[in-house]
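Novice: Let the hints inform the model, and build the full structure from the sequences given.
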Amino acid sequence: MATEATPTVTTTGHDLRRRSRPVEALIQGLLFLAGAISILVTLGIVFELGSEAWLFFGDPQVSWVEFLTGTEWQPGIGKFGIVPLVLATLITSVIAMLVALPLGLAAAIYLSEYASARVRNFFKPVLEVLAGIPTVVFGYFALTFMTPLLRTIFGQGTVEIFNDASAGIVIGILIIPLVSSLSEDALAAVPRSLREASLALGATKFETAVRVVLPAALSGISAAFVVAISRAIGETMVVAIAAGAGPKNFNLGEDSLFNFILNPFKAGETMTGHIVRISGGDLSYGSIDYNSLFAIGLTLFVITFLLNLFSQRVVRRFREVYE
Amino acid sequence: MSPVAEAEARAASTVVSQQFPQGEAAVKLDRKRSRRGVLFRLLFLASLVVAVLSLLTLLYTVVNQSFGLTALESTIPPEELIAGLGLPPETALADLEADSLVSILLEHVSRNAGRRLERDQRFFEDRLVFEPQDSWDALCAGPDATPGCTLPARDQASIYQLVLERVVEPNVVATWSFTESMFDRASIEAEVAADFPNAELEFRSWVSASFVRSPQNPEPELAGIRTAIFGSLWVLGFTILFAFPVGVAAAVFLEEYATDNRINRLIRTNINNLAGVPSIIYGMLGLAIFVRVLESLTSGSAFGAGEAGGVANGRTIVSAGLTLGLLVLPVVIISSQEAIRAVPQSLRRAGLALGATKWQTIRTHVIPNAAPGILTGTILAMARAFGETAPLVVVGASTFITVDPTGPFSKFTTLPIQIYQWTSRPQPEFQHIAAAAIVVLLVLLLALNATAIILRNRFQRSY
Numbered sequence: 001m002a003t004e005a006t007p008t009v010t011t012t013g014h015d016l017r018r019r020s021r022p023v024e025a026l027i028q029g030l031l032f033l034a035g036a037i038s039i040l041v042t043l044g045i046v047f048e049l050g051s052e053a054w055l056f057f058g059d060p061q062v063s064w065v066e067f068l069t070g071t072e073w074q075p076g077i078g079k080f081g082i083v084p085l086v087l088a089t090l091i092t093s094v095i096a097m098l099v100a101l102p103l104g105l106a107a108a109i110y111l112s113e114y115a116s117a118r119v120r121n122f123f124k125p126v127l128e129v130l131a132g133i134p135t136v137v138f139g140y141f142a143l144t145f146m147t148p149l150l151r152t153i154f155g156q157g158t159v160e161i162f163n164d165a166s167a168g169i170v171i172g173i174l175i176i177p178l179v180s181s182l183s184e185d186a187l188a189a190v191p192r193s194l195r196e197a198s199l200a201l202g203a204t205k206f207e208t209a210v211r212v213v214l215p216a217a218l219s220g221i222s223a224a225f226v227v228a229i230s231r232a233i234g235e236t237m238v239v240a241i242a243a244g245a246g247p248k249n250f251n252l253g254e255d256s257l258f259n260f261i262l263n264p265f266k267a268g269e270t271m272t273g274h275i276v277r278i279s280g281g282d283l284s285y286g287s288i289d290y291n292s293l294f295a296i297g298l299t300l301f302v303i304t305f306l307l308n309l310f311s312q313r314v315v316r317r318f319r320e321v322y323e
Numbered sequence: 001m002s003p004v005a006e007a008e009a010r011a012a013s014t015v016v017s018q019q020f021p022q023g024e025a026a027v028k029l030d031r032k033r034s035r036r037g038v039l040f041r042l043l044f045l046a047s048l049v050v051a052v053l054s055l056l057t058l059l060y061t062v063v064n065q066s067f068g069l070t071a072l073e074s075t076i077p078p079e080e081l082i083a084g085l086g087l088p089p090e091t092a093l094a095d096l097e098a099d100s101l102v103s104i105l106l107e108h109v110s111r112n113a114g115r116r117l118e119r120d121q122r123f124f125e126d127r128l129v130f131e132p133q134d135s136w137d138a139l140c141a142g143p144d145a146t147p148g149c150t151l152p153a154r155d156q157a158s159i160y161q162l163v164l165e166r167v168v169e170p171n172v173v174a175t176w177s178f179t180e181s182m183f184d185r186a187s188i189e190a191e192v193a194a195d196f197p198n199a200e201l202e203f204r205s206w207v208s209a210s211f212v213r214s215p216q217n218p219e220p221e222l223a224g225i226r227t228a229i230f231g232s233l234w235v236l237g238f239t240i241l242f243a244f245p246v247g248v249a250a251a252v253f254l255e256e257y258a259t260d261n262r263i264n265r266l267i268r269t270n271i272n273n274l275a276g277v278p279s280i281i282y283g284m285l286g287l288a289i290f291v292r293v294l295e296s297l298t299s300g301s302a303f304g305a306g307e308a309g310g311v312a313n314g315r316t317i318v319s320a321g322l323t324l325g326l327l328v329l330p331v332v333i334i335s336s337q338e339a340i341r342a343v344p345q346s347l348r349r350a351g352l353a354l355g356a357t358k359w360q361t362i363r364t365h366v367i368p369n370a371a372p373g374i375l376t377g378t379i380l381a382m383a384r385a386f387g388e389t390a391p392l393v394v395v396g397a398s399t400f401i402t403v404d405p406t407g408p409f410s411k412f413t414t415l416p417i418q419i420y421q422w423t424s425r426p427q428p429e430f431q432h433i434a435a436a437a438i439v440v441l442l443v444l445l446l447a448l449n450a451t452a453i454i455l456r457n458r459f460q461r462s463y
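Protein sequence lines, in the order shown, are assigned to chains E and B.
Taking my numbering, the leading residue of the first sequence gets 1, the next gets one more, and so forth.
Taking my numbering, the leading residue of the second sequence gets 1, the next gets one more, and so forth.
Incorrect hints may have been included.
Only pairs whose alpha carbons sit at most 25 Å apart, straight line, appear in this in silico PhoX-like list of lysine-lysine [as the list claims (entries may be wrong)]: (1) Lys205(E) x Lys124(E); (2) Lys28(B) x Lys205(E); (3) Lys205(E) x Lys32(B).
FRET-style restraints, in silico, Cβ to Cβ [as the list claims (entries may be wrong)]: (4) Lys32(B) x Ala197(E): 19 to 27 Å; (5) Ser424(B) x Gly253(E): 30 to 38 Å; (6) Gly29(E) x Leu294(B): 21 to 29 Å; (7) Ala46(B) x Gly157(E): 26 to 34 Å; (8) Ile39(E) x Pro152(B): 47 to 55 Å; (9) Ile76(B) x Gly281(E): 35 to 43 Å; (10) Trp54(E) x Glu169(B): 32 to 40 Å; (11) Glu128(E) x Glu169(B): 50 to 58 Å; (12) Gly281(E) x Asn217(B): 49 to 57 Å; (13) Cys140(B) x Ser51(E): 48 to 56 Å.
Far from chain B, some chain E residues (derived; all Cβ distances over 12 Å) [said to hold, decoys possible]: (14) Ala189; (15) Ser193; (16) Leu218; (17) Ser219; (18) Asn251; (19) Leu252; (20) Ser256; (21) Phe258.
Derived from the structure by calculation, the hints contain no laboratory data.
Computed from a prediction, not measured in an experiment: that's the story for all the values here.
Even glycine gets a Cβ: it sits at the ideal position worked out from N, Cα and C.
Specialist: Next comes the structure, spelled out in structure tokens:
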């Protein structure tokens, strides 16, 4: 019976399915290579950042412990403590999150639970435009609008011309569209039946949105938050323009914690801001300054990469699957 | 109802009323809940309004700085030059013939400065102005002939620019924003009359045709963005050249060929991770790989193109384009994947059933049907690359160049980088030209995005 099923093959001797097709195989190979380039890019990043950072740590002036705990970053006199840079990054990111998370989430809830088609058609493009504006423009905005505004509100003496608060708020604004669109996707994925059940039990629209839909979409929303944090940490131009052109070096015993070290109204260069400022100048390859940038870059990459991996895990592990 | 029955009813309802309020209390609670609902609804809406307001404020800030009154002090006012030529006073300096402009230069520019200008580029095809004919011939016959010997003569616009730069020397002494200029004109006029008696107050649009056409200049009132726009276009060209074919090929592989094995899963996760890597990290990758390791290729010295664009030692347009190409690659791949996924399975099966091989089916059915989606995604990725600044600063965009890029191995600057540099200057005039450059950048981005939307609407198919 089996031979009867493929009579043409046996009579002619040409099994078209088995014919070798070198061109097809070649094309498939090329397409695979294109896909594999992404892996090469990741390896390239890890290798380059790693090897230059290795050279940096191999330098007798540098020690691991000092790098991770030192509170002064002054390459000129051989002080490489990353704490002030990381701290400034943390300050701007926390402020950005305080702005972007509540606003972005609230906007997403409104768009997904309340808004009519007409209202959506107005607000969605506005958010898209906001998301499409280059970050250097937001940097300009921070310097020429936000900083003067803060200085008017809190006083010229309190707020320096370059400060972390202004940069942080503007980063928050630029991240709102990211938070709202990712959160809205998560909310929209919650099935209608859950909402209808809640409404049928007598819950108000608000109670349904916050007590039923929001918890059901929690995995997607927390993933959105993590992505937003990683975006805020990696944001460069706004801090390069508005946050200050020098690390806020401090001395734990002497400087006041709240008036200076954690004060967002003082200038403080972030990791990304420092990389841009130093690499924009004349830099000789192989110098310790050059290598130190890669050590900062590696720190930045590790932080954001872990955050991204974490967000993907969160989505996969805590996703509520609905029929 | 008798008091006994009432008491019984109350007793029966105690159990319920402990959890659910009855009567008056229920109405009260209901009102409270609905009030809370309205309040939060308004709060949610307010956060959207905040987003809209931020966008409007941002645009307002930029426009406000792009137009406004300026007080100009010229070394020699243009009217004086016009009068000196014996022309009617209403003649504009910009409309003069090249002849008259050169005669102004001849009168006001020192002989040596004039000769340098002429050696850079001559004023007329048929005659010389500052340099005697015989020394010019000797100069051009020599081994190090100046560019003036071979370049075509300057056009009227560039001679006018020279007159402005060398003779008129307009100097902006004070500037005001658009709102100030509109609502506070009288006090501005008084201020100018008191502080700068020689200055002329004029309403200036910092965005102008000459702003777009002029090259970079240390004087903000003469500076323009031509070099930056050309730089951006060149860089973007290389970005497309790299990211488009590679991105689409990777997407085809992932959607059509990749089985669910470990390598392919790794590639998928990895692309998502790459999309989240900060752009500045790509800049560092570009600096390490394209600028340093592949220096002989990216500086063009391997192709013998070393001196054409000056010594750019790897910090060239190619390096920048490839760096941005890597940066937008994940975006191109992800959007192409979505477009390919949207092509219905029936089309593939039809192709295969007619005896086409897998690649033939993909080439003739899948890709053409996914093309609008792929193009839209690519254009959006280009818009992203166009506004990208940080990686290019790291890769080594030049801080100050006045010559248009001539090829892939030229030094370069781009529009966002120009904005960054101007924004970082403390003088107010630079804030105005930064704003003007932002206006141009946003208009170009709008054009790109509009193209994407038109493409999407025009070729969108539904199955």
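Novice: Indicate, hint by hint, whether the structure satisfies it.
Specialist: Verification of the supplied hints:
In summary, the hint linking Lys205(E) to Lys124(E) is supported, as the alpha carbons are separated by about 22 Å, within the 25 Å threshold. Taken as a hint, the Lys28(B) and Lys205(E) pair is honoured in the structure, with Cα atoms around 18 Å apart against an allowance of 25 Å. Taken as a hint, the Lys205(E) and Lys32(B) pair is honoured in the structure, with Cα atoms around 13 Å apart against an allowance of 25 Å. Restraint check, Lys32(B) to Ala197(E): a C-beta distance of roughly 23 Å satisfies the suggested window 19 to 27 Å.
With their beta carbons about 34 Å apart, Ser424(B) and Gly253(E) fall inside the hinted range of 30 to 38 Å. Against the hinted window of 21 to 29 Å, the Cβ-Cβ separation of Gly29(E) and Leu294(B) comes to about 24 Å, which satisfies the hint. Remark: the range hint 26 to 34 Å for Ala46(B) to Gly157(E) is upheld by a beta-carbon distance near 32 Å. The hinted range of 47 to 55 Å is satisfied by Ile39(E) and Pro152(B), whose Cβ atoms lie roughly 51 Å apart.
The hinted window of 35 to 43 Å between Ile76(B) and Gly281(E) holds, with their beta carbons roughly 38 Å apart. Checking the proposed 32 to 40 Å range against Trp54(E) and Glu169(B) shows it is violated: the Cβ atoms sit about 54 Å from each other. Our hint of 50 to 58 Å for Glu128(E) and Glu169(B) is violated, since their Cβ atoms are close to 45 Å apart. Remark: the range hint 49 to 57 Å for Gly281(E) to Asn217(B) is contradicted by a beta-carbon distance near 22 Å.
A hinted range of 48 to 56 Å for the beta carbons of Cys140(B) and Ser51(E) is consistent with their spacing of about 51 Å. The beta carbon of Ala189(E) is kept farther than 12 Å from every beta carbon of chain B, the shortest such distance being approximately 16 Å. Once the 12 Å rule is applied to beta carbons, Ser193(E) is consistent with being away from chain B; the minimum gap is 21 Å. Once the 12 Å rule is applied to beta carbons, Leu218(E) is consistent with being away from chain B; the minimum gap is 18 Å.
Distance check on Ser219(E): its Cβ is at least 16 Å (rounded) from any Cβ of chain B, clearing the 12 Å threshold; non-interface status holds. Against the 12 Å criterion, Asn251(E) stays outside the reach of chain B, whose nearest CB is about 29 Å from its own CB. The beta carbon of Leu252(E) is kept farther than 12 Å from every beta carbon of chain B, the shortest such distance being approximately 29 Å. For Ser256(E), the shortest C-beta to C-beta distance to chain B comes to about 29 Å, beyond the 12 Å cut-off, and the non-interface label holds.
A cut-off of 12 Å between C-beta atoms confirms that Phe258(E) is not in contact with chain B; the least separation is 28 Å.
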